[in-house]
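Novice: Following the hints, complete the assembly by docking chain B onto the known chain A.
Single-letter residue listing:
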Amino acid sequence: MQSLYVLFGLNKHESLLNQYGDYWSQLAHGDLGISFSNFPTPVTTILEQSLPWTIALAGCATIISFTVGTLLGVVAGWRRGSRLDFLLPVTTFVSSIPAFWLGILAVAVILALGWNVPVSEGYDPGVVPGWNLQFIGNAIDHSWLPLCMLVATSVSGWILSMRNMMVTVGSEDYITVAQAKGLSERRVMFGYAARNALLPNVSGLSLALGQIIGSTILVEIVFSYPGVGFEMLQAVGGTDYPLMQGIFLVITLAVLLANLLADIAYLILDPRTRKEG
Amino acid sequence: MSGNQPVLEIRNLCVDYGLGDQAVRAVRDVSLTLHRGEVLGLAGESGSGKSTLAYGLTRLLPPPGVVSGGEVIYHPREGAPMDVLRLSDAGLRKFRWAETSIVFQGAMNSLNPVYKVSTQLMDVLAAHRPSMSRADRLARARELLALVGIAADRMDSYPHQLSGGMRQRVMIGMALALDPQLVIMDEPTTALDVVMQRQILRQLVGLRERLGFSVLFITHDLSLLVEFSDRIAIMYGGRIVEQAPAERLYRDPLHPYSDGLLHAFPPLRGERRELTGIPGSPPDLRAMPSGCAFHPRCPKAMDACRTQLPRLGRPALLPESDADRTVACVLHPTG
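Chains A and B supply the protein sequences, listed in that same order.
For the first sequence, the residue numbers in this note's numbering are 3 to 279.
For the second sequence, the residue numbers in this note's numbering are 10 to 344.
One chain only, chain B, in its complex shape:
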């Protein structure tokens, strides 16, 4: 499924909250490449920097968040690649939603309560395609609702008249309004029940196959990612600690943290295994442990982990078939 053309390349992105001495680094030196048509899952505990990464790369960080370093290279369908972090205000406005749209965490509060669904679907069209006539915008809005399985008579509803699942589907429809290449989903189904989660994600995967956009899927629910994504990146303490094809990561996690995450939910099929959590709590970003940030909680920690910061890279001992995976752990030295 994943072609080899990149859509988005994140290079050494750092995001701080606050300035100067008070600054807390929430995203540390993250590099990640998203390919055309791919679903990339980004998983990690609360506070691991997943959402901050997403807000940082779209420049939506609320103050005091600041992107303190790195590049976000976006490859448009045609034209030269551009650095999102260096776009002018007008350029950024044009880039937003037309190239990269976002479905946010709060399914309930993402729609403005005082406007009709149709108004909110149409104003994004009006902003980006001023030449479109009102009738065309109306038709497109109707088409988008049909795409996510909502009846056209819901066009004139207000958000409070819709259920949570419907609201989130409206948001997904809205995200596809301008045919973006990349849709960022920031815990899009957290506020929904499991049945609705599944239904919406299945629909999303179906739409992805038809329309060919890429998805950056952010969640703390690794079980969802294993099922729905092509590739998974695991974040811990603001860094990416492991990155692998979903199937490989599920069968054979290399980083002890990924392993811990995978043992924190029960498999539906296969043999029974004991559920274990990861002892301890996420690191304090103001006082990060030396060396590998995970070592105070790691069952396999060694002396080297306390002093040496492992770099994300391809483990030297892996067979050639396992080309597309990287890990940052002392146990798996890079070649």
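Same shape as in the complex, but just chain A:
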């Protein structure tokens, strides 16, 4: 027992400032400490194992949702007043259901109907993780259901914001000019209207990307998915402070990185934000 205290550094009774200094120096060496609940696995190892799962699941979900939602929004905004406007209430209704609840429903329905769809874990117990086709195929089999839940509940935001921006941009003079120039409908819709309406959605995308690590906790729990969210639940349950600290650090870094990406994307997409010189 005493040796555990020593190992976790709980016996030193140092001042807060010193503890914080030690934290930084260990962080600089890539050491996030040892997990309480998964002793003696270091926190970095846990993150290494769970991060790819979450990034793959939530990253794919966000990108698919953004792409599909934006495209639908472009068309719905361009043909406003058409039957496509039906999309809005339907998707908004779906998005008002929390993803984890939709997940529970889906699991219940699948189990009740006896379909052969994996509803928990990231891969079958017999499969060895690695970069081979068998494992990746197996992982996709396990992931598409939570992925669908995440996409279904987030797509309406993209549709709505894109459609409304399209409506706003559609009344700009340069759209009329583009039409008067006799450009093809596709060119006006995508090259002129959507190109300009896209900007707010791009900053939305980067914010969403920054949140992917924290956003899937509940869905991961429902599907017992081996991602960061699932680890987070374990950490909170076991008062595993080193692990929680590590996860929060990763979330923070992700948000910062995403903001940087957003700024860069904006520079590329909107010449007005570039500094001249």
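Please keep in mind that the hints were generated in silico from the structure rather than gathered at the bench.
Where a beta carbon is used, it is the ideal one built from N, C-alpha and C, also for glycine.
A few of these clues could be false.
Stated by the list, open to error - Stretch-level coverage of chain B by chain A, calculated; a stretch enters the list once three of its residues show a Cβ under 8 Å from a Cβ in chain A:
| hint | region |
| --- | --- |
| 1 | 67-76 |
| 2 | 106-113 |
| 3 | 131-142 |
What the hints assert, rightly or not - Just a few of them, taken from the derived set where beta-carbon distance is under 7 Å, the chain B residues facing chain A:
| hint | residue |
| --- | --- |
| 4 | ARG102 |
| 5 | ASN118 |
| 6 | SER119 |
| 7 | ASN121 |
| 8 | VAL123 |
| 9 | HIS169 |
Specialist: Frame of chain A; chain B shown alone:
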């Protein structure tokens, strides 16, 4: 200057906003002929239907605007005349810009802010002349900028890096990209200061002489038209009330409304005269006055004006030399 071949004949054009009982008629029964190489000025107050007419005849009206009647006959350089209002979508796309281009009111917002000037000059070439190589398109874009007096190093600029005057000149250059027969200018210089207005218009007149296109020039600034156009048509309440050679209209306006417009700006030369506005405000299109729409504001209104709608025609009392002018006023009965 004006040959007698028509380029564009507008016949009995009507444009409504809205459908059915709610419809408001913004352009009423307008007939107008534009000849080859001519600058035709179209003047009138805000809300008189000038811009609606221009959007209507190019089929660019945003909903709820609809063209509810009439014909717009366009005479191409070669080939049979065609009715613009009955063109198919593909035909309309081909017609636009290649035959009739437009310079719009908003000098500031007519260029897409996220594309370079060169891209926007070139995409119209790419759309209409797919066989043109990229190098040729680039050369043509450079040529167009030179035509309107903008240095070639501005090719790679974005619209926000140009001044308002430069942007409008880019638009004029763009309008000439496909060598159209007709350029419609919808208050092209409203957003610019007077010095820039003059400079751009002078350039435009020079280009017209070199390239031989016709211009439909829409403005509320009659003083500009007197100086730059061959013929002027005055619109009021959606109708054309007077149409005459610019010089004749300036010296001797027949319709009381034209007269009022001409007295609303000071002449630079000649004797001083008192500036007077036109009392009242433009008519409400939902509740047009009976008879002549101008009668509630007309200083010369008679009883007949309240009941009788005067038709646009050649006044019978004019001498033979004044052949090319028409007016719609009870004071000048047509023969």
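Novice: Does each hint hold? Answer for all of them.
Specialist: How the hints compare with the structure:
1. Counting residues of the region 67-76 of chain B whose C-beta sits closer than 8 Å to any C-beta of chain A gives 3, which meets the bar of three, so the coverage hint holds.
2. For the region 106-113 of chain B, the proposed coverage by chain A is satisfied: 5 residues have a C-beta within less than 8 Å of a C-beta in that chain, meeting the threshold of three.
3. Chain A is given as covering the region 131-142 of chain B, and this holds because 4 residues of the stretch bring a CB closer than 8 Å to a CB of that chain, at least three being needed.
4. A cut of 7 Å between beta carbons decides the hint on ARG102(B): the least distance to chain A is about 4 Å, and the hint holds.
5. The interface hint given for ASN118(B) holds, since its Cβ lies 4 Å from the closest Cβ of chain A, which is under the 7 Å cut-off.
6. Annotation: SER119(B) was flagged as interfacial toward chain A, and the flag holds, the nearest CB pair being 5 Å apart, inside 7 Å.
7. Because the smallest distance between the Cβ of ASN121(B) and any Cβ of chain A comes to about 4 Å, under 7 Å, the interface hint for this residue holds.
8. About 6 Å separates the beta-carbon of VAL123(B) from the nearest beta-carbon of chain A, less than 7 Å, and the hint is met.
9. Proximity of HIS169(B) to chain A holds as hinted, the smallest CB-CB distance being about 5 Å (cut-off 7 Å).
Comparing the model with each earlier hint shows no violations; every hint is respected.
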